[in-house]
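Enquirer: Sequence:
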Amino acid sequence: MRIVVFKLAHGVWRRCGEAAAAAALYSVYHGLYSEAVVSSVASAVALAEVGQFKEAVQYVQRAAKALYEAARDVFEQVKMTVQRLVELFVEAVANVLAWVDEHKAYLFLMAAVAAGAVALSVALNMWGLIELEKLAYAASLTPFIPAGVKESSREEALRILKEVPDPYERFREIAKAANAGGVKLAEPWESLRVLIMPRPSEEKRLMMGRGAGLYSKYREDENYKRALFYAVLALEEVFRPYRQVVEGLMKEMRNVLKVEKVSTVFGELEKYVIDVVRLRDLMREEEETFQKVLKTLKKRLLEYATKHPELRELLKVDELRARELVKAGINSLSEYSDASFGVKAYAALLAYRELAFGVKTAYGVVAKHWLEGGETPWLLYYAPKTAYSRAERTGGGGITTVEEAVVETFRRLFLKPGAERYSRFVDKVLEAARQRGGLVLEPEPKEEDKKTWMFKVAGLEGVKLVVSKIGKGASWSFVLLLDSRWREFFREELGAVERVATTLKGRWRVESPLPHMSGWLASDVSIGRKELIMATSSFWQAAVTKALFGWSDAVRLGLSLTLEGPKLVLWFHTSADVLDEAVRRDAEEGWLKSLGIEARSWRELKHKVAEHWGVVVEAVKKRLESVEVSSGFDLTRALEELKGLKSKLDDDKMAREVMAPALLLVQAEKLGSDEKMHQAALSYLGAVLWGEVGGDGYVSAAMKEVGLASGKDSIALLWAAALAAYGVKSRVRNTGSVFEVRIVNDGAVRLAQLYALFGPPMLEEEGFIDHKLVEAVELGSKVSVRIEEGSWRRIKGGAAMNIYISAGGISGKFNLHLQEKVLLEFRSTDRGEAELKARLLSLAGVKADVKKESGRNIWRIRATTDQLAEGNEELRRGLVKAVEEALRRGLIDEEKSKRWIEKFEAGVSTWHGFKLNVAVAGSGASYVDFHSTNPERIEKLKQKLESLGLGEGEHFVATWRGGNRGYLYIKKEGIIELAHIAKHGAYETQRREAASLIEHLHKRAKMKGREVLERLEELIREGEERGALTELPMGVAEIEWEGRRIAVPVEVKKMYAEEDGGKLRIYVTAVVGGVGGEWTMTFYRYSKTNAVLGYTILSVKAPGGRDEDAKRIKALVKVLTGEEPNIDNNHEQVKYTRRHLEGLKRYAELVAIIERWEKSA
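So in the numbering used here, the last one in the sequence shown is 1159, and the numbering has no gaps at all.
Treat the hints as calculated values from the structure; they're not laboratory data. Glycine is no exception: its CB is placed at the ideal position from the N, C-alpha and C atoms. A hint or two may mislead.
Between beta-carbon pairs, the in silico distance windows are [said to hold, decoys possible]: (1) Arg388 <-> His1129: 54 to 62 Å; (2) Glu673 <-> Tyr696: 28 to 36 Å; (3) Lys913 <-> His769: 22 to 30 Å.
Start from the sequences and build out the full structure, keeping to the hints where you can.
Expert: This is how it looks when you write it as structure tokens:
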């Protein structure tokens, strides 16, 4: 081993000797160097071989420094630095390791980068040399190479381009040679050649069809080609090394599991010991490496932009926009068509990383396809939406053994956000692992199912792990089952479900429960052993189904390990007698009675449907004209299977999936022309849809789409025919894993309206939001309005009439009063009817709560002028017609009608009935105010703002003036905080409410004019950016200096804040304009006005003196805050204001300390 080490180290030294002086030095100190390097490399290799890479790097650093100190005089004569000597030793270790284990050599180099022993670029060059030596060896084994053609590998081409002064021109030369047939390029350089210097035939293809608009920019402006080239160069430099880190991490993760043999009465079983602490540490190590790689990408893009100013905007990295692109859904990708190459490159690396570790996003699919395929240029060339549409839809997975599945289970335990939400449980797992030297999993025999493995988790009482392989594909489920002992641990979550279900029962009265139940039976509620059973990780589903089925307390708990971390799973059950009672009630006075079906139990209902099965099958055939069948769907087979279902209806599993669509078809066949009967039928359809879509379906407002899913083609066809019976066209297709019924456009709008109208009311409590209902209300926000002829009547001070609002085929009658204000009203002794009318109004864009009149059993809805003016266009148009007709009849005066018509035509924005005013003060600062003569209104708005997290005094002021008029004033700090909560708030309900208030303010500002809107948008951006930046900033600052604009590159190395005797000090280490330095920004409160001010004292000892120091600080602060500071008249200090402090709040490591200082000061 020592001989191999010596030869390899000796070769490194000779290869790295750059001058005769170095060779002479080698001769003089041959013995010293040989012994030092052999000894240190051998020891370092031994450490690295057992995975102690950090320790190996530290050992090498100490050895190199010791050698340097022993011969400092000679090294200094030949200008050999200690850093260069460390690099030689690191390369020697890497070379030796590469012969033993190539992957460990790479991990050692990355550890050296993480420790600061070598720069990332140096490490990558070392790795490139190792790779080239392997390539040379491979080439020697390949006797047949085409004569006259030179082939450059992906890595070799990158190395060549990185070494030349002008890589773009060098690439153009290579591309010319490739076009002439002299060079064969590997990807991605071949794709880059096609885009930068295409052959005529290739350019013709690029200019075909829609591609002409995109590529014409490249033909007309060379800067697009140059920027694309440099973005590819930067991304290629970091991607492949990072991909190897990911692959290495996956390999290391497999090593955290040890399998031991255990003898039991069932024979010899395997016991698994998983080092979850090491697993968590590996994930942390990957995080550190990724941040360095990300920083290198940003740094390279900045370097290229600085060297080529004309490319600055095309290469600019907007971190916030990049992160938004990563999170964007498929239908939102089109919003990023104008993203710069820098944003797309940065987002691609982020998205690739998330996909590699389990979080699948649309842009993650894009990044994986193009990056792994070696076609990086196309990723950056295409708009994100186009890149997605052309990417292969390859899924994740790849788990093939139960051992890999176990490791994946506990990797998911540490994924966010679940790991944060259930951090107490995660801590218990880590504690158990530390006590036992690893988490011990003891298998339990389960012979009847070879696809399911169960383990007892030693050290965690009452916990079992269940790993199951699902279907024939690569899907797996990972669940930690928890026994009753854990109920107390999750008492808060269980109590919340119980509380919300109780609230729902009071607001949601279901006269005919069977339609709602049948929808859930078709999706997520199963029947077995005379019980109804449901398992869910959705607290919303748990609460609404508990209100409907009357579940007992959760009989079992579990944690499902998902790509979003752990999720609490609740198992519920109740007696099947609940279903029998629902059938009996419906047969007496509900849905079944309207169908003429007499049944006293679920069993009898199954037999009745079997008797009508011929009617069902014929109804399906009759409706096929309205069903589009995709090419992968076998219609003939589905129809044959459908006919045979009659004999299978005794099986509860089959009957529960068939019952709802079958009864809907029977209902459609019995419908006549009676309007009341038709409305009732639609209400039953809506109730069924609520359960089916709420369980197995989806609603997308952006795509104008509703979808249902089934495991059987015959049942999917049954649903499609049932929808067609009510005028809704759909498409059935085989997705490979399920059969899908897809409804789009007007049909989707109608179904969304029925879903919104006949399910339970919207829940506002955190964790209980029905996101499908939110989408349904947005998608279904389209109504028709009709004034009842003959209902016009004169009342005191104006007119009244009846007005009908309809959606989804359901119509609601309201009273409309035109007096001092416009009032829409509905009153009833039936709360359920009032709730339905409130939902109709929500589809019209009007939010109105159902309230009980004091001392009376009457439920009321009221919406006044401004609320109605906030409604959608259809409602406002109907109101305009009502006002115009009242004027024509002489029931109202012209002045009043003109005012109302103007308001309804323009539309008005309110927030929970409050119409807030947005304005700009004389100082130029934006503010929001509201005034009222009603103290209850002021108090209610105050409570609303406090519920969002705003503080009185700090963010808003409420006061009374003159004894009879109240004001509430939201400061600019309050607007900033609102925007921050809307974007980054801890709770979803807070985020939604804050976002709706921001939207209201935006609409109000837009009405005030451009200046007001721009000022408001500045504050909103500031709030959204606060605490959002986790990376140390890097950029080019354009500042005013000596009468001209200059560009100064800035790279921040370190930044932290601390409170110091009432002052706030922010310490920044950075390289500005190529000069490194440390600066302190000190903030304080000015005693007379309490204003926030700050300063940095200029140093006469700084390179270039105070003037140059001032220039560097101005550039640094501009990059940090976006605001250029001023210099005092004496050129002794750089001065700051609150705007600079607000800019610093964008950084996650500073924001908490800054806000704490603000409150204490």
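Enquirer: It remains to establish, for every hint, whether it holds in the given structure.
Expert: Hint check:
About 57 Å separates the C-beta atoms of Arg388 and His1129, a value consistent with the hinted range of 54 to 62 Å. Between Glu673 and Tyr696 the CB atoms are about 32 Å apart, so this pair conforms to the stated range of 28 to 36 Å. Judged by the Cβ atoms, the range 22 to 30 Å given for Lys913 and His769 holds: they are separated by roughly 29 Å.
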